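Next come the chains, spelled out residue by residue.
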Amino acid sequence: MKTVIARTTLTALGLSMAFLLGSAATSALASGTEVLHLRVLTRVSGESIATLQSEYWIDESRRLAKVIDTTPQGATVSSNGPDWKLVVPAEAGPALRFEGLDSNSAAVRAVAYRLYYYRDAARAGAATVTKDATTYLVAISGAFASLDPVTELPLWIQYGGTRLDHVYQLQERLPASQFPSSFFAATDRDTSVTTETNLTDAAARAHFALLSPGASFAGRPNVRTFFTAGANPRVLEQFNQMYGEDVQLSMSLLSAIPTQLRPGGTPVATAIGPGMVYEDSGSTSILVFRANVVVGAFAPDLSTALALLDSLRPIK
Amino acid sequence: MQARFLLIGIILAFAFGAILGPRPASADVNFHPYIKPTSNGSGANMDPIHVLYTISGTHSNTQLHFLHHVGWTDQGGNTMYFGDHGSWQGHTDQRGSACGWCIRYHTRFNTQDDAGPAGYGTFTMGPAHYEEISISPPCGHVSVSYNSARDTIANSMSAGGHFVTWVYWGNNQVIMQCDNRGTVGDGWLVRIDVP
Numbered sequence: 001m002k003t004v005i006a007r008t009t010l011t012a013l014g015l016s017m018a019f020l021l022g023s024a025a026t027s028a029l030a031s032g033t034e035v036l037h038l039r040v041l042t043r044v045s046g047e048s049i050a051t052l053q054s055e056y057w058i059d060e061s062r063r064l065a066k067v068i069d070t071t072p073q074g075a076t077v078s079s080n081g082p083d084w085k086l087v088v089p090a091e092a093g094p095a096l097r098f099e100g101l102d103s104n105s106a107a108v109r110a111v112a113y114r115l116y117y118y119r120d121a122a123r124a125g126a127a128t129v130t131k132d133a134t135t136y137l138v139a140i141s142g143a144f145a146s147l148d149p150v151t152e153l154p155l156w157i158q159y160g161g162t163r164l165d166h167v168y169q170l171q172e173r174l175p176a177s178q179f180p181s182s183f184f185a186a187t188d189r190d191t192s193v194t195t196e197t198n199l200t201d202a203a204a205r206a207h208f209a210l211l212s213p214g215a216s217f218a219g220r221p222n223v224r225t226f227f228t229a230g231a232n233p234r235v236l237e238q239f240n241q242m243y244g245e246d247v248q249l250s251m252s253l254l255s256a257i258p259t260q261l262r263p264g265g266t267p268v269a270t271a272i273g274p275g276m277v278y279e280d281s282g283s284t285s286i287l288v289f290r291a292n293v294v295v296g297a298f299a300p301d302l303s304t305a306l307a308l309l310d311s312l313r314p315i316k
Numbered sequence: 001m002q003a004r005f006l007l008i009g010i011i012l013a014f015a016f017g018a019i020l021g022p023r024p025a026s027a028d029v030n031f032h033p034y035i036k037p038t039s040n041g042s043g044a045n046m047d048p049i050h051v052l053y054t055i056s057g058t059h060s061n062t063q064l065h066f067l068h069h070v071g072w073t074d075q076g077g078n079t080m081y082f083g084d085h086g087s088w089q090g091h092t093d094q095r096g097s098a099c100g101w102c103i104r105y106h107t108r109f110n111t112q113d114d115a116g117p118a119g120y121g122t123f124t125m126g127p128a129h130y131e132e133i134s135i136s137p138p139c140g141h142v143s144v145s146y147n148s149a150r151d152t153i154a155n156s157m158s159a160g161g162h163f164v165t166w167v168y169w170g171n172n173q174v175i176m177q178c179d180n181r182g183t184v185g186d187g188w189l190v191r192i193d194v195p
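So the sequence lines, in the order shown, correspond to chains A and B. Counting in my numbering, the first sequence runs from 1 upward without gaps. Counting in my numbering, the second sequence runs from 1 upward without gaps.
Honestly, the hints are just simulated from the structure, not real lab data. Keep in mind it's a predicted model, so treat the numbers as computed, not measured. Any given hint might turn out to be false.
To give an idea of the interface, some chain B residues facing chain A are shown, with a C-beta separation under 8 Å as derived from the structure [what the hints assert, rightly or not]:
hint, residue
1, 59
2, 72
3, 135
4, 147
5, 169
6, 170
7, 182
We put the beta carbon where it would ideally sit given N, CA and C, even for glycine.
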């Protein structure tokens, strides 16, 4: 199941949900699965320019969430960035961000802003904790956070000489019944989706020949695979496989055959057809075009890049 | 005798001058397709260079038209290095859509008044990204998107009357960020003609 979230729909739904949530607040502590609904104002102490407002809907049992971020000017930030959803573990562990996939997939992506990062670090013993009835301070990696002793949500975070205050304008727990099950399932919304997934799932949606799942190259495991679709009008689908930051393979299905290519390449024969090689002071790129499909191999040297293309084989 | 040594000296001076003296910029686009965090070009690739200001893309022309149509100003940012013909130098300018601590678009420029191949003229490189501040974990800027920043610039410049051309460059490697996310561009470079 592909799950996407669109900003415009979120806005409209957010308004309708706000009405629903208002009436549901009195029954917020009903038994069973609940939804944590937060509206958070994050601002830099002494400044107003960096004030951000975020709204979270978190269903910890289903591990789904919705987040809307707005700038001080009121613009919805998600209109400029990818749409995404958040998975917040019920227990210790990093929150993860998923884009365009259902939460049961193998997609893994850490969120830039982890709502429970400091709580999880404290529980995992990875931070210095000072805690009593009224104080809950967590120090890690040069940052300090003061958490609410009850909810363990950050009240403020001090980092890099700047303190960020979190003002919880709304904090309530709601019955899951107030949280439409169709919310994350809709697929009919126009959206920009960037997805990281495992290779098997990616291959099922691919139009390319791919390395086999679990493959390794020259002793390097396929550490991460990215799949991007619908991100812009020029690329319909794109895969990236990493065998480390310096050895990567990409496959792109372009919306049209390019009329202009990067100049300066030198023709080279590869296992999958003729390509162009580009030497870039310390790294080598090979691009192989077949109509509107382009395969790119990136490696420290030409022989490694050629070997990477040699290893390419289709998945059934 | 002294005149003979003087003559030899002059000849040697011309010879070494021809070898070691300044050379005209090559008429090509032999720049590294990513910026780097260090002045010697070591370290991981960072932003893909996916915007070129071409034709009359000198430093002054590029800044003039960018400020007029896109409007971002210098809001600060780390120094990053551009590789050109094997040598590396820091950015000459940077522009951001909001403050350094804010979620924002951010672009750097490197202007060496390079002469490109036929049709490129003099060009300036201008990689861009859309970034957030990661405080959880606390590790600073993270580039969330390369494509959206490039497209925002291209759309603004195009709306302002600048001719844009899309070139497939193939610099679509995954770039790992400090919060362990990977950000990837689509490999397309936009040429924005500057009069």
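Against the structure, the hints:
A cut of 8 Å between beta carbons decides the hint on residue 59 of chain B: the least distance to chain A is about 22 Å, and the hint is violated. With a cut of 8 Å, the hint placing residue 72 of chain B at the interface with chain A is violated, because the nearest CB-to-CB distance is about 13 Å. Evaluation of the residue 135 of chain B hint against chain A yields a held restraint, the C-beta minimum of about 5 Å falling below 8 Å. The interface hint given for residue 147 of chain B is met, as the beta carbon of that residue sits about 5 Å from the closest beta carbon of chain A, less than 8 Å.
Evaluation of the residue 169 of chain B hint against chain A yields a held restraint, the C-beta minimum of about 4 Å falling below 8 Å. Residue-level restraint check for residue 170 of chain B holds (minimum Cβ-Cβ distance to chain A is 5 Å; threshold 8 Å). The interface hint given for residue 182 of chain B is met, as the beta carbon of that residue sits about 6 Å from the closest beta carbon of chain A, less than 8 Å.
In this structure, the hints that do not hold are numbers 1, 2, in rising order.
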